[in-house]
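Chemist: Here are the chains, one letter per residue:
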Amino acid sequence: MSDLLNTMASSVSGMAAQSARLRLASENIANADTPGYRRKLIPFEQVAGGSVQTGPIHLDSSDLERVHQPGHPMAGEDGYFESSNVNLMIEIADSREAQRSYEANLRMFDQARQMTSSLLELLRR
Amino acid sequence: MKFDIGILQMAQDLAAHASSRQSIISQNIANADTPGYKARDTASFAETFAANAATRPARAGHIVFDTQAGVTESAAFSAESPNGNTVSIEDQMVRAAEVRHQHDLALGIYGKSVDILRAGMGRIR
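From first to last, the protein sequence lines are chains A and B.
Mapping of the first sequence onto my numbering: position 100 corresponds to residue 185, and the numbering continues sequentially without gaps.
Mapping of the second sequence onto my numbering: position 84 corresponds to residue 1040, and the numbering continues sequentially without gaps.
It should be emphasised that the hints constitute simulated quantities derived from the structure, not laboratory data.
Here the structure is a predicted model, which is why all the values come from computation and not from measurement.
Treat the hints with care, since some could be wrong.
[Claimed, not checked] FRET-style restraints, in silico, Cβ to Cβ: (1) A:Q199 / B:A1002: 22 to 32 Å; (2) A:E182 / B:I961: 45 to 55 Å; (3) B:P1038 / A:R209: 46 to 56 Å; (4) B:P1038 / A:P155: 37 to 47 Å; (5) B:S1037 / A:K125: 20 to 30 Å; (6) A:S202 / B:V1070: 13 to 23 Å; (7) B:V1050 / A:D163: 56 to 66 Å; (8) A:E130 / B:A1009: 53 to 63 Å; (9) A:H143 / B:P1038: 15 to 25 Å; (10) A:R210 / B:E1029: 35 to 45 Å; (11) A:R108 / B:S1037: 21 to 31 Å; (12) A:R198 / B:A1009: 26 to 36 Å.
Backbone N, C-alpha and C define an ideal beta-carbon position, used for all residues, glycine too.
Next up, chain A with everything else stripped away, as it sits in the complex (with noise of 0.2 Å):
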């Protein structure tokens, strides 16, 4: 009993997990045009009993792309400013994956709860 009990908490700490990493996608999607913006990363982390938790947010140190735009604010002499280093496809392939791995776990999930009710169905008999 307590074994599927650990197994929703694993499940739980996965799903919180994927749900983080979804944030991130979303927010590094919305700020795609920002002159300056770095995407941000989420690190994954194996936790004693077995859960996942999520690192320290950090910043992707690629750089920056430079667009050619002479009227733009912040363009400089030659025409150029820098805009964001996100890529769409990767977070849109990187979001897609997220949702895929919280569905994976949300079953656990759910496979656990079932198991649960019909061990105690059990004792109802």
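Use these hints to put chain B onto chain A, whose structure you have.
Modeler: Just chain B, lined up with the frame of chain A:
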């Protein structure tokens, strides 16, 4: 009345094995995106049962069923990810379905055995 209570014990062990394995599988799924995480699984019920049969205490009331002892890294179903993670969600889903089946089987056997005991006492529900 002589009733072989061993079947109840075995059903109980099978249910305990199923829930402990479910816990391991949900940890794998929670860590499906954790860099460097290696997928794990318990030994099969037959192996665990054989190992425990040797050390089982004489009294049936003393239940010592240590399923966590046989936890090993499961063979990689698919190639390792670039970040060192060996969890395949599809593989884990198959294992989870096996666990579900095992648990239902154990509870079914337990319930039916108890029904037979009740019938022996002349109380058919």
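Chemist: Does each hint hold? Answer for all of them.
Modeler: Here's how the hints hold up against the structure:
1. Take Q199 (chain A) and A1002 (chain B): their Cβ atoms lie about 25 Å apart, and the range 22 to 32 Å holds.
2. A hinted range of 45 to 55 Å for the beta carbons of E182 (chain A) and I961 (chain B) is consistent with their spacing of about 49 Å.
3. A hinted range of 46 to 56 Å holds for the C-beta pair P1038 (chain B) and R209 (chain A), which are about 49 Å apart.
4. Separated by about 40 Å at the C-beta atoms, P1038 (chain B) and P155 (chain A) satisfy the suggested range of 37 to 47 Å.
5. The hinted window of 20 to 30 Å between S1037 (chain B) and K125 (chain A) holds, with their beta carbons roughly 22 Å apart.
6. Against the hinted window of 13 to 23 Å, the Cβ-Cβ separation of S202 (chain A) and V1070 (chain B) comes to about 18 Å, which satisfies the hint.
7. Between V1050 (chain B) and D163 (chain A) the Cβ separation comes to about 57 Å, which falls inside the hinted range of 56 to 66 Å.
8. For E130 (chain A) and A1009 (chain B), the hinted distance range of 53 to 63 Å is not satisfied, since their beta carbons lie about 39 Å from each other.
9. A hinted range of 15 to 25 Å holds for the C-beta pair H143 (chain A) and P1038 (chain B), which are about 19 Å apart.
10. A C-beta distance of roughly 40 Å is found between R210 (chain A) and E1029 (chain B), which places it inside the suggested range of 35 to 45 Å.
11. About 23 Å separates the C-beta atoms of R108 (chain A) and S1037 (chain B), a value consistent with the hinted range of 21 to 31 Å.
12. A beta carbon spacing of about 32 Å between R198 (chain A) and A1009 (chain B) agrees with the range 26 to 36 Å that was offered as a hint.
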